[in-house]
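Novice: When you get a sec, could you build the whole thing from the sequences and use the hints?
Respectively, the protein sequence lines represent chains H and R.
Those letters in the first sequence? Residues 1 to 355, by the numbering used here.
Those letters in the second sequence? Residues 1 to 355, by the numbering used here.
What the hints contain is simulated information worked out from the structure, not anything from laboratory work.
Keep in mind that a hint or two might mislead.
Quick list of the computed label-pair ranges, beta carbon to beta carbon [unchecked claim]:
no. : chain 1 : residue 1 : chain 2 : residue 2 : range
1   : H       : Q312      : R       : K349      : 48 to 56 angstroms
2   : H       : G19       : R       : E71       : 42 to 50 angstroms
3   : R       : K349      : H       : V227      : 34 to 42 angstroms
4   : H       : L330      : R       : F262      : 47 to 55 angstroms
5   : R       : K102      : H       : E267      : 36 to 44 angstroms
6   : H       : A314      : R       : K214      : 23 to 31 angstroms
7   : H       : P254      : R       : P168      : 41 to 49 angstroms
8   : H       : V265      : R       : R67       : 28 to 36 angstroms
Some chain H residues flagged as far from chain R (calculated, every beta-carbon gap over 12 angstroms) [to be verified]:
no. : residue
9   : P21
10  : D173
11  : H231
12  : L236
13  : D284
14  : M325
15  : K331
For every residue, glycine included, the Cβ atom is placed at its ideal position computed from N, Cα and C.
Protein chains: 2
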Amino acid sequence: MHSYRQLFDFTQDVFLHIGCPPNDAKLAAEVLLEADLRGVDSHGVARLSGYVRLWEAGRINPKPNMRIVHETPSTATVDGDGGLGLVIAPKAMDIAIDKAAKVGTGWVSVKNSNHFGIAGYHAMEALSSDMIGIAMTNASPLVAPTFSTDRMLGTNPIAVAIPTKNQPPFVADFATASAANGKLEILQRKEKKAPVGWIQTKEGDRSTNANELKDGGALLPLGSDKVHGSHKGYALASIVDIFSAVLSGANYGPWVPPFVSFLPVAENLVGEGIGHFLGAMRVDAFRPADEFKAHMDNWIETFRKAKVKKGQKAVLIPGDPEREMTEKRLKKGIPLLPPVARDLEELGKRFGIKL
Amino acid sequence: MHSYRQLFDFTQDVFLHIGCPPNDAKLAAEVLLEADLRGVDSHGVARLSGYVRLWEAGRINPKPNMRIVHETPSTATVDGDGGLGLVIAPKAMDIAIDKAAKVGTGWVSVKNSNHFGIAGYHAMEALSSDMIGIAMTNASPLVAPTFSTDRMLGTNPIAVAIPTKNQPPFVADFATASAANGKLEILQRKEKKAPVGWIQTKEGDRSTNANELKDGGALLPLGSDKVHGSHKGYALASIVDIFSAVLSGANYGPWVPPFVSFLPVAENLVGEGIGHFLGAMRVDAFRPADEFKAHMDNWIETFRKAKVKKGQKAVLIPGDPEREMTEKRLKKGIPLLPPVARDLEELGKRFGIKL
Numbered sequence: 001m002h003s004y005r006q007l008f009d010f011t012q013d014v015f016l017h018i019g020c021p022p023n024d025a026k027l028a029a030e031v032l033l034e035a036d037l038r039g040v041d042s043h044g045v046a047r048l049s050g051y052v053r054l055w056e057a058g059r060i061n062p063k064p065n066m067r068i069v070h071e072t073p074s075t076a077t078v079d080g081d082g083g084l085g086l087v088i089a090p091k092a093m094d095i096a097i098d099k100a101a102k103v104g105t106g107w108v109s110v111k112n113s114n115h116f117g118i119a120g121y122h123a124m125e126a127l128s129s130d131m132i133g134i135a136m137t138n139a140s141p142l143v144a145p146t147f148s149t150d151r152m153l154g155t156n157p158i159a160v161a162i163p164t165k166n167q168p169p170f171v172a173d174f175a176t177a178s179a180a181n182g183k184l185e186i187l188q189r190k191e192k193k194a195p196v197g198w199i200q201t202k203e204g205d206r207s208t209n210a211n212e213l214k215d216g217g218a219l220l221p222l223g224s225d226k227v228h229g230s231h232k233g234y235a236l237a238s239i240v241d242i243f244s245a246v247l248s249g250a251n252y253g254p255w256v257p258p259f260v261s262f263l264p265v266a267e268n269l270v271g272e273g274i275g276h277f278l279g280a281m282r283v284d285a286f287r288p289a290d291e292f293k294a295h296m297d298n299w300i301e302t303f304r305k306a307k308v309k310k311g312q313k314a315v316l317i318p319g320d321p322e323r324e325m326t327e328k329r330l331k332k333g334i335p336l337l338p339p340v341a342r343d344l345e346e347l348g349k350r351f352g353i354k355l
Numbered sequence: 001m002h003s004y005r006q007l008f009d010f011t012q013d014v015f016l017h018i019g020c021p022p023n024d025a026k027l028a029a030e031v032l033l034e035a036d037l038r039g040v041d042s043h044g045v046a047r048l049s050g051y052v053r054l055w056e057a058g059r060i061n062p063k064p065n066m067r068i069v070h071e072t073p074s075t076a077t078v079d080g081d082g083g084l085g086l087v088i089a090p091k092a093m094d095i096a097i098d099k100a101a102k103v104g105t106g107w108v109s110v111k112n113s114n115h116f117g118i119a120g121y122h123a124m125e126a127l128s129s130d131m132i133g134i135a136m137t138n139a140s141p142l143v144a145p146t147f148s149t150d151r152m153l154g155t156n157p158i159a160v161a162i163p164t165k166n167q168p169p170f171v172a173d174f175a176t177a178s179a180a181n182g183k184l185e186i187l188q189r190k191e192k193k194a195p196v197g198w199i200q201t202k203e204g205d206r207s208t209n210a211n212e213l214k215d216g217g218a219l220l221p222l223g224s225d226k227v228h229g230s231h232k233g234y235a236l237a238s239i240v241d242i243f244s245a246v247l248s249g250a251n252y253g254p255w256v257p258p259f260v261s262f263l264p265v266a267e268n269l270v271g272e273g274i275g276h277f278l279g280a281m282r283v284d285a286f287r288p289a290d291e292f293k294a295h296m297d298n299w300i301e302t303f304r305k306a307k308v309k310k311g312q313k314a315v316l317i318p319g320d321p322e323r324e325m326t327e328k329r330l331k332k333g334i335p336l337l338p339p340v341a342r343d344l345e346e347l348g349k350r351f352g353i354k355l
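Specialist: Structure (C-alpha cells):
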C-alpha cells in the first residue's frame, strides 16, 4: 500500500526525468494518479513504464510545442506536437473552457497526441466553472464492428461531468465496448474466464477466453451482439473516433498507434498521433446556474430513491463508486498489484528515483 | 401499400385539420413520414392518431408561439409553447445551424415540446450545410436504471449525422435502451417471445414476455445487465435526459409526460412538456471541409471493407439500412400493418379526409 503522495512524487519525478518541464510533470502525475484514486487501476501508475517505453521509442515528445492550428469563437483544433496526452488534453480542455466563458460553449479536437489517462479527469475540469464537461478519445484498435472479425476501433471512452448544488457531481466515464481491456487483464491475472458477450475469437465466434485478444480475437462493442444492440455500441465508438480524429486530423480506426511500444505503428498513416475531443458548456448559457443546479440535485435525489431490486444495495448515480473509492484511497492508500509494484521499483532503480 | 405522396398528403391534411398553420402541417408531415421511409414504422403514421388524441386532450398546441427564452452566441433555450415536437424540433435545429454558421457550433435545448418523430431527421438537417448534426430527446419513462425496478427513463434516443464527400452520410440514430419499445410491439403483434436482456419483470427478474411492460415491468438500458455494461446505457439515457430537460426546464425522469393520452400526466411536474437537445458543428470550424469529407469517405470505405464474419453479408455503416429502405419505399410504396391502416381510415372518416 502506498500513499497518494508517495506515488504522486514518484510519478512526477519520472516525468521530470524523461524531460518534461516541471509544470507538465506535475500535471501529468496528477492526471495519471486520478485513475488510481478512482479505482481505474488499469489507467494509472500501472501504465507509467508504458509511457516511458513510448518515450524511449521516440514516440513521445516531452517538450511539445502545442498550438492551435484552426479556430472559430466556439471551436479549436489543437496540434499536440507528439506530447503526452496527460498534458495536452488538460491544456486543450482549458481552451474549451475559455471559449465557453466567452460564447457559451467551447469544443476542441486534438491531433498528434498520446493516451490521456482517464476521460473523467478532463470532463471534471469544467465543473468548477459551472460548466458541463465532455471528453472522449480514440485508442488502439481492439474492438470489432458488428458483423466483422477485424479490430477496427478502440474502446473509445466517453466522459460527461455535470455540476450540481449540494449533491456530488454527476460523472459518467465509460468505454464504448461491452467491457474495457483492463477488465480482461484482471481476469488474466486471476486465470479466470470472461463472461460471454465481452469477446469473440478471430473467426467471430463467442469466447470466454480472457486471453483471446492474443490469438487475434476482438472485444465486442457495448451491446455485445446485434440482438442486444451492439450496432449502437459500434456507432458510439465510431462517433468518438470521428470527433477525435477525423475532425482534428489524427489517425483513426485501424491506424490509431498502439499504446504498447513493442507493437508496430501502422503503415501509411492517415493522420498524426491519436485524437481527443473535449467540450465545455456553461450551464448558464441555457438557464440560470442556480436553477439548473437545484434541478440537478433533484434529478440525483429522485434517481437515488428509485426502488432497488432484490439482492442489490442501492441505485447508483454515475460517479458514485469512483468517488467512494477516491475517499477511501486518499485515507488508506493505494494498493499496487505485485507486478505493478515490481515495475515501478525497476523504473525507480534505472532512473535513480526512490518510491 | 401506399405511396409516400398519398400518406404525406393525408398526414398533412390531418395536421391542417387540428389547426396547424399550412407550413407547420407540411413540416410535421415531412418529419413524421421520414420514419416510415426509413423503416422505423413505430414512429411514423402509426403514431398519427396518437398525436391527434393528445391534441384532443388539450396537450398539443397547434399554433404555438415558439420563442428563445435564453441565449448566448453558441446556445439557445427554446420554449416550444406546447407545440408538436415535429414542428418545434426542426425550427430549433435551424437556430442551432444559424448559430454554428456564425460562431462554429450551435446548441439548443428545448422545453415545453412534444414527441419529435425520429431523432435522425433532425440530425440530418445539418448535413446540407456541411455540419455535423446531433439530436436527442427524452421520452416517457419505460427504462429502469441498473439495479432498480422503477421506470425512470425513456428510451431516450441519440442521433448523429456526419457529412461526407462521395459516400452517403454517416447517420447513427439509436435508442439508449437495449431495444426500443417499437420492437416489443412488433413481437406482441406476432405473439412472439422477446430475447432475454430486453426487459425485466416488475420485481427486476429476467423476462421474455413481450407484454411485460403492461404488468409493471421495465425495458433495460443498452448493455442489458451490469456485467455487459447496462450502467453505460443507463448513463447515456441519463445524459440525454439532463441535456434535453434539466438544461432547458422541461420535465425529466419519471415526470416526462406519456405519449399516449390515456395515461395520466404525473403530478407536481418539475418542468414544462418534454425536452430535446439539438446541436450543429460546422466541420470547417475544425479543418477545411474538403479535407474532412475526403477523410470521412476513407473512414467509411475502410470500415465497409473490414472482414465480414461467417454467415453475415456485410459490415454496415450507420445509416446504411435506413437509406436502402428509403430508396425501396420511395419506389415501391410504404406497407401499413392492418391495425395502422384501420386507424388511419377511421381518422380519415372522422375528419372527412380521403387516404
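Novice: Just to be sure I understand the hint, the distance between the Cβ atoms of A314 of chain H and K214 of chain R should be within 23 to 31 angstroms; is that true here?
Specialist: For A314 of chain H and K214 of chain R the Cβ distance comes to about 28 angstroms; the hint holds.
Novice: Quick one: work out the minimum CB distance from H231 of chain H to chain R and report holds if it exceeds 12 angstroms, violated otherwise.
Specialist: The claim is violated: H231 of chain H sits with its nearest Cβ about 7 angstroms from chain R, within 12 angstroms.
Novice: Taking the shortest Cβ-to-Cβ distance between K331 of chain H and chain R, state whether it exceeds 12 angstroms.
Specialist: 25 angstroms, holds
Novice: I want to verify a distance hint. Is the separation of the beta carbons of V265 of chain H and R67 of chain R within 28 to 36 angstroms?
Specialist: At roughly 53 angstroms between Cβ atoms, R67 of chain R and V265 of chain H fall outside 28 to 36 angstroms, so the hint is violated.
Novice: May I ask you to test the hint 34 to 42 angstroms on the CB atoms belonging to K349 of chain R and V227 of chain H?
Specialist: Distance hint for K349 of chain R, V227 of chain H holds at roughly 40 angstroms.
Novice: Is the Cβ of M325 of chain H more than 12 angstroms away from each Cβ in chain R?
Specialist: 15 angstroms, holds
Novice: Does the Cβ pair K102 of chain R, E267 of chain H satisfy 36 to 44 angstroms?
Specialist: Hint holds: Cβ distance 42 angstroms, inside 36 to 44 angstroms.
Novice: Far enough from chain R: is every CB of that chain over 12 angstroms from the CB of L236 of chain H?
Specialist: 8 angstroms, violated
Novice: Using the Cβ atoms, figure out if Q312 of chain H sits within 48 to 56 angstroms of K349 of chain R.
Specialist: At roughly 51 angstroms between Cβ atoms, K349 of chain R and Q312 of chain H fall inside 48 to 56 angstroms, so the hint holds.
Novice: Holds or violated: the 42 to 50 angstroms window for the beta-carbon distance between G19 of chain H and E71 of chain R?
Specialist: Between G19 of chain H and E71 of chain R, where Cβ atoms are some 46 angstroms apart, the hint holds.
Novice: The hint says 47 to 55 angstroms between L330 of chain H and F262 of chain R; measuring C-beta to C-beta, is that right?
Specialist: 53 angstroms, holds
Novice: Per the stated criterion, does the least C-beta distance between D284 of chain H and chain R lie above 12 angstroms, as a non-interface residue requires?
Specialist: 9 angstroms, violated
Hint compliance for this structure: hints 7, 8, 10, 11, 12, 13 are broken, all remaining hints hold.
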